[in-house]
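Protein chains: 2
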Amino acid sequence: MPDRCVSKQTLQRLPAYLNYLRSPQAVGKYVSATNIAEALGFNDVVVRKDLACVSNLGRPKVGYVRVELIRALERFLGYDNTQDAVLVGAGKLGQALLSYGGFPQYGLNILAGFDCDPALAGKEVAGKKILPMDKLPDLCRRVGVHIGIITVPGAYAQEVCDQLTGSGVLAVWNFANAHLHVPQGILVQNENMAVSLALLSNHLREQFSTKGNGK
Amino acid sequence: MPDRCVSKQTLQRLPAYLNYLRSPQAVGKYVSATNIAEALGFNDVVVRKDLACVSNLGRPKVGYVRVELIRALERFLGYDNTQDAVLVGAGKLGQALLSYGGFPQYGLNILAGFDCDPALAGKEVAGKKILPMDKLPDLCRRVGVHIGIITVPGAYAQEVCDQLTGSGVLAVWNFANAHLHVPQGILVQNENMAVSLALLSNHLREQFSTKGNGK
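Sequences listed follow chains Y and F, in order. Numbered per this note's numbering, the first sequence spans residues 1 to 215. Numbered per this note's numbering, the second sequence spans residues 1 to 215.
Chain Y extracted, bound-state conformation:
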């Protein structure tokens, strides 16, 4: 199966395809790149190329067997291969993520939360323990945790990131508003609300300036 051909743009589209294929709108045994492209408003050449990276089981004029394509996408996206993670910062956002029941279907299992606040240590959120920070390196190394989720305030994010990478974490999911420096080979995936808000705000400004409400 082709593997290394995939770009970040392709990777960003694949979850949408999977989501569509699992939805009630996708009916029938077979599905084609054209069906998916139409349903999602994408270009069908793009969809065809993306799917060719994931599975070579598509047949001309017929397309893919839907359940086979779902399985191929899940495998390709790593959703069938659960990764353990730890979360640091058990405030409101951290607790929301700890309680979120949807991660296992994407192959993510949050083992525990960590927080420097002694009042939180020992508490449980949705069955997950909140532990003091000094337990972090030991747990990560013992279990072989490779994903760290950062939900602390921005000012503490770099320090937490250093602790995570120092404990064997290879991929950091950063919800803090901070630009993180990491050693080579470590991925930082930023979930940056400030960027999203800037894009929303810019869109509104453009909408209003088009309508002549002033710049």
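Treat the hints with care, as some may be off.
Identical copies carry no separate label here, and so any pair may be met within one copy or between two of them.
Unchecked claim - Okay, derived cross-link-like pairs now, DSSO-like style, lysine-lysine, Cα gap no bigger than 30 Å in a straight line:
#1 LYS61 x LYS49
#2 LYS92 x LYS129
#3 LYS128 x LYS8
#4 LYS128 x LYS92
#5 LYS123 x LYS135
#6 LYS92 x LYS123
#7 LYS61 x LYS8
#8 LYS128 x LYS49
#9 LYS135 x LYS92
#10 LYS128 x LYS61
#11 LYS135 x LYS8
#12 LYS29 x LYS92
#13 LYS49 x LYS8
#14 LYS92 x LYS49
#15 LYS29 x LYS61
#16 LYS129 x LYS49
Everything labelled a hint here was simulated from the structure, so no lab data went into it.
With the hints as your guide, set chain F onto chain Y.
Using the frame of chain Y, we list chain F on its own:
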């Protein structure tokens, strides 16, 4: 001041510049594109061009007055111009966003939450009311709300999105795992955790295959 030259890529970098300029690392009255580029690990030609879109007050060899550049970035990003928003779906993630104290500094003011669960109606989260869905169109139209935040399960997201755009919302911030169809002129900004997890998972797979732990 130049305005329309800005690309989405530029817009995505600007909040990082602002964040750096506000941080304790950025000291002194003046700051240059080179300083920012070095601090954030960006290319300094890119930073110089980005800043030129935002402010023409930079001087050769000196750079920008730091507080002036901060103000120019805030204005450009719309953070100085508060937008009212409503949130639909007052589950754990919705309540975390309602409680998040950091939005006002990005120019976002969540007026209220909405939920179809009658048990939640009338409750307050961090001083924000949770209202029943039938109050949504009236509030949006009365106050002139242009931003809608969707934190319902994926299966309900399209229906909620239609209600929001039908009530005058022009920009949708979507946290649900669903591909939304919207009328022309409406922006959907997806906060897609599934995509982030796929990128993390792909990175780990590449790390392990490089290390020879099998493909």
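Hints and how they fare:
no.: 1; hint: LYS61 x LYS49; verdict: within (16 Å within a copy, 48 Å between copies)
no.: 2; hint: LYS92 x LYS129; verdict: both (15 Å within a copy, 18 Å between copies)
no.: 3; hint: LYS128 x LYS8; verdict: neither (32 Å within a copy, 38 Å between copies)
no.: 4; hint: LYS128 x LYS92; verdict: both (15 Å within a copy, 15 Å between copies)
no.: 5; hint: LYS123 x LYS135; verdict: within (15 Å within a copy, 37 Å between copies)
no.: 6; hint: LYS92 x LYS123; verdict: both (14 Å within a copy, 17 Å between copies)
no.: 7; hint: LYS61 x LYS8; verdict: within (28 Å within a copy, 37 Å between copies)
no.: 8; hint: LYS128 x LYS49; verdict: neither (41 Å within a copy, 46 Å between copies)
no.: 9; hint: LYS135 x LYS92; verdict: both (21 Å within a copy, 27 Å between copies)
no.: 10; hint: LYS128 x LYS61; verdict: neither (49 Å within a copy, 54 Å between copies)
no.: 11; hint: LYS135 x LYS8; verdict: neither (35 Å within a copy, 41 Å between copies)
no.: 12; hint: LYS29 x LYS92; verdict: neither (43 Å within a copy, 36 Å between copies)
no.: 13; hint: LYS49 x LYS8; verdict: both (13 Å within a copy, 25 Å between copies)
no.: 14; hint: LYS92 x LYS49; verdict: neither (41 Å within a copy, 38 Å between copies)
no.: 15; hint: LYS29 x LYS61; verdict: within (14 Å within a copy, 66 Å between copies)
no.: 16; hint: LYS129 x LYS49; verdict: neither (44 Å within a copy, 47 Å between copies)
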